[in-house]
Amino acid sequence: MMGDGVEDGTTARAGAPLVVLSGVNKHFGRLHVLVDVDLVVHRGEVVVVIGPSGSGKSTLCRVINRLEPADSGTVTVDGVPVPAEGKALARLRADVGMVFQQFNLFAHKTVLENVTLGPVKARRTRRADAEAEAMRLLERVGVADQAHKLPAQLSGGQQQRVAIARALAMHPKVILFDEPTSALDPEMINEVLDVMVALARDGMTMVVVTHEMGFARRAADRVVFMDGGRIVEQASPEEFFTAPRSDRARDFLSAILTH
Amino acid sequence: MDLIVDNASTYLDGFAVTARLTAYSAVAALAVGLVMAALRIAPLRSLRVVAAAYVEVLRNTPLTLVFFFMVLVAPQFGILPPLGFWTAVACLALYTSAFVAEAVRSGINGVGVGQAEAARSIGLTFGQVLREVVLPQAVRSTVPPLINVLIALTKNTSVAAGFAVVELVGTGRRLSTANAGDPWVLVGVAVCYLVITIPMGLLATSLERRVAFAR
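Residue numbers (the working numbering), protein chains in the order written: chain A, 36 to 294; chain B, 10 to 224.
Any given hint could be a false lead.
To be verified - One-sided excerpt, in silico: chain A residues whose CB lies under 8 Å from chain B: (1) 133; (2) 143; (3) 145.
Simulated from the structure, these hints should not be mistaken for lab results. Source: prediction; values computed, not measured. We put the CB at the ideal spot given by N, CA and C, even for glycine.
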C-alpha cells in the first residue's frame with residue numbers, strides 16, 4: 036500500500052513487528068471512529084499518534100489491549116491475535132501497559148499497593164519481591180517518598196508518574212499512553228514527559244497519543260497523523276513537522292503551531 | 010403490659026424464629042445478590058440478560074406471590090416441603106437478593122469506569138477486578154442502602170406467618186386469640202421488631218461515618 040522506509044513504519048531503531056493492526060474498523064453507534072486502520076509498531080519503537088480531537092486516536096490506543104473491541108480487522112501483539120474476553124485476554128493485557136489521561140490509580144489503595152497489585156495478582160510474584168521492585172520503580176519515577184500515601188493525597192503529576200510505575204511493574208512488552216498529560220496542570224506536564232523521554236531512551240516500545248508536539252519531536256521515532264478515523268500520514272518527526280505531505284496535516288499543524 | 014411480661018417466653022420463642030428467619034435469609038440474599046450484581050456487569054451479554062431478568066422479575070413480584078409460588082410449585086419438583094421454616098427462608102432470600110443486587114449495582118456504578126479499566130489493563134481477570142478494585146470501593150456507598158434492604162427483610166419475615174411459620178406475627182395471632190384481642194399483644198410484637206431494626210439503623214449510621222474516605 037505504501038512505499039518503503041518510514042512510510043510503511045520501518046524506522047532506524049525498529050526491531051521485529053510487535054503490535055500489528057490490520058484492517059481495523061470500529062463504530063460507536065453510527066459514528067465510524069476507526070476506518071480500515073493498518074498500523075505496525077516495532078519492538079523498541081516510539082510511535083506518537085496525533086490528530087484533531089475526535090479523530091480516533093484514543094480509540095486506536097484502546098483497541099490494542101481490547102478495552103474497546105474492534106468491530107472488524109485483526110490486532111496482534113507479539114504475533115498473538117488479541118483474544119476475546121477471558122483469562123487469555125487478561126494474560127495479554129498483563130504484557131501491554133496502559134497509562135490513562137485521568138491516571139486511574141486505585142483510589143482505595145496506597146501508592147505502593149497500586150504498583151504491586153498487578154505483579155502479585157496477575158503474575159503471582161511474591162509480595163516481598165513485588166514491593167522491593169515497586170520501590171525501585173517509584174524511585175525511578177521520583178515518587179518513592181509518597182509510597183504509603185493514598186492517590187488523592189498526591190498532585191496530578193505525581194499520580195501520573197505512579198501510573199507509569201504501575202505499568203512498568205508488569206514488565207510490559209509495550210506501553211500505551213492515552214493523552215497522559217492532557218489532564219495535568221501546565222507546571223506538571225514536564226515532570227511526566229521527562230519520565231516518558233527517559234523510558235523511550237531505555238528502549239521501551241511505546242504508543243503515545245498526545246498533543247505535546249515537543250515530546251513528539253524529542254522522543255518519537257515515528258509520528259502517525261490521524262483524521263476522521265483514518266491514518267492520514269506517517270513520517271519521522273523531522274519530516275512530519277517540517278514538510279507534512281497531506282493538506283490535513285498541514286492545516287492541523289498550522290492551527291496548533293500559530294501560538 | 011402484664012400480658013407481655015406474663016407471656017415473655019412465648020414472645021421469646023417467636024422472636025427467636027423471626028431472628029433466625031432474618032439471619033439465614035440475609036446471609037443467603039447477600040450472597041446471591043452479590044453474584045447477581047456481578048453478573049449484571051459481566052463481559053458476556055447472556056449473563057447480563059439472565060441477571061437482569063432475575064432481578065426484575067423478583068423485584069416486581071409481591072413477596073406473598075413468591076411464597077405462593079414456592080409453596081405450590083417447588084414441592085412438585087421435590088425441592089422443598091410445601092410449608093415450613095426453610096421454604097420461608099428460600100422465599101425471603103430470593104426476594105431480597107434482587108434488592109441486594111440493585112443496591113450493590115448502584116454502588117458499583119458509583120465507582121468510575123476508569124478504575125475497572127485500569128485494573129483490566131494490568132492483567133486482572135474479571136473476578137479479580139471485582140474483588141480487588143471495584144467491590145471494595147463500591148461497598149462504601151452500598152452499606153447504607155443495603156441496611157435499608159435488611160430492615161425491610163426483617164419486617165418482611167412476617168409474611169411467613171401466613172405460611173405456617175410461627176414467628177413473631179404468628180405468635181401474636183395466637184396470643185391475641187387466647188387473650189380476647191387485647192391490643193397490648195401487638196404492641197409487644199412491634200417492640201420485638203424494633204429490637205432488631207433499631208440497632209441496624211444505628212449500625213448504618215456509624216458505618217456511614219466510618220467508611221467516608223478521601224477520593
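Here is how each hint holds up against the structure:
1. 133: Holds. Min distance 4 Å.
2. 143: 5 Å, holds
3. 145: 12 Å, violated
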